[in-house]
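Chemist: So the sequence lines, in the order shown, correspond to chains A and B. Note that this note's numbering has the first sequence beginning at 13, numbered continuously upward. Note that this note's numbering has the second sequence beginning at 204, numbered continuously upward.
In short, the hints are calculated from the structure, not lab data. Take these hints with a grain of salt, some might be off.
[Said to hold, decoys possible] Here are the simulated BS3-like cross-link-like pairs (lysine-lysine), alpha carbons at most 27 angstroms apart as the crow flies:
no., chain 1, residue 1, chain 2, residue 2
1, A, Lys115, B, Lys277
2, B, Lys277, B, Lys226
3, B, Lys246, A, Lys119
4, B, Lys246, B, Lys215
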Amino acid sequence: EIVMTQSPATLSVSPGQRATLSCRASQGVGSSLAWYKQKPGQAPRLLIYGASTRATGIPARFSGSGSGTEFTLTISSLQSEDFAVFYCQQYNNWPRTFGQGTKVEIK
Amino acid sequence: EVQLVQSGAEVKKPGESLKISCKGSGYSFTSYWIGWVRQMPGKGLEWMGIIYPGDSDTRYSPSFQGQVTISADKSISTAYLQWTSLKASDTAMYYCVSSSGSGWFDPWGQGTLVTVSS
Numbered sequence: 013e014i015v016m017t018q019s020p021a022t023l024s025v026s027p028g029q030r031a032t033l034s035c036r037a038s039q040g041v042g043s044s045l046a047w048y049k050q051k052p053g054q055a056p057r058l059l060i061y062g063a064s065t066r067a068t069g070i071p072a073r074f075s076g077s078g079s080g081t082e083f084t085l086t087i088s089s090l091q092s093e094d095f096a097v098f099y100c101q102q103y104n105n106w107p108r109t110f111g112q113g114t115k116v117e118i119k
Numbered sequence: 204e205v206q207l208v209q210s211g212a213e214v215k216k217p218g219e220s221l222k223i224s225c226k227g228s229g230y231s232f233t234s235y236w237i238g239w240v241r242q243m244p245g246k247g248l249e250w251m252g253i254i255y256p257g258d259s260d261t262r263y264s265p266s267f268q269g270q271v272t273i274s275a276d277k278s279i280s281t282a283y284l285q286w287t288s289l290k291a292s293d294t295a296m297y298y299c300v301s302s303s304g305s306g307w308f309d310p311w312g313q314g315t316l317v318t319v320s321s
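With the sequences and hints as input, model every part of the structure.
Modeler: So this is what it looks like as structure tokens:
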């Protein structure tokens, strides 16, 4: 099973600032990497798939990059609605696996 | 609009059985995988398994193989997650998810909260 490791566990950022979240795979997954955002009390929502393609309706301030084992999600200017938990997920191999999440909190 | 609607919250006792459901609409139910994701209280997301309703091909995470059963009834566009003997550690929110052949999850159901307590 591929282990996905996210860092940091918690990121404290001021509104309007940039946030950079990392995700590392224990073995290469090509570009088969998705990012999700989950706000308290809500189901997760797809942000990015194919490592860098924004899902429908996702603002341009969200961008994804990377391939192989190292991936990054960047939020260029944090808005109030972006304070949430973010998860990466690989879909190159069975079983599909998630990272443990990065919580982005208000500084 | 593609939508997944899950059955309501459940409160069960240890040892009881349970089957929760997820109804798809707005798309061809037999052409997309339907998966299940567990989220224990205050914890992260865990992929449990997935089924392709078109031919019932089913894959499980090793962590959940033998613990749950995933099935689907394509005649009513509904997928199921089933337990034969619940444990307190099964207490969690369970989400169903739709997945294209490529493998990302979109959309997600609203979640079904399962509480197992004596």
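Chemist: Is it true that the CA of Lys115 (chain A) sits at most 27 angstroms from the CA of Lys277 (chain B)?
Modeler: Violated, at roughly 38 angstroms.
Chemist: What's the verdict on Lys246 (chain B) and Lys119 (chain A), does the C-alpha distance respect the 27 angstroms limit or exceed it?
Modeler: This hinted pair holds, its Cα atoms lying about 22 angstroms apart.
Chemist: With a cut-off of 27 angstroms on the C-alpha distance, tell me whether Lys277 (chain B) and Lys226 (chain B) pass.
Modeler: holds, 10 angstroms
Chemist: Given the proposed pairing of Lys246 (chain B) with Lys215 (chain B), does the C-alpha separation stay at or below 27 angstroms?
Modeler: Distance of about 21 angstroms is within 27 angstroms: holds.
Checked against the numbered hints given earlier, the structure breaks only hint 1 and satisfies all the rest.
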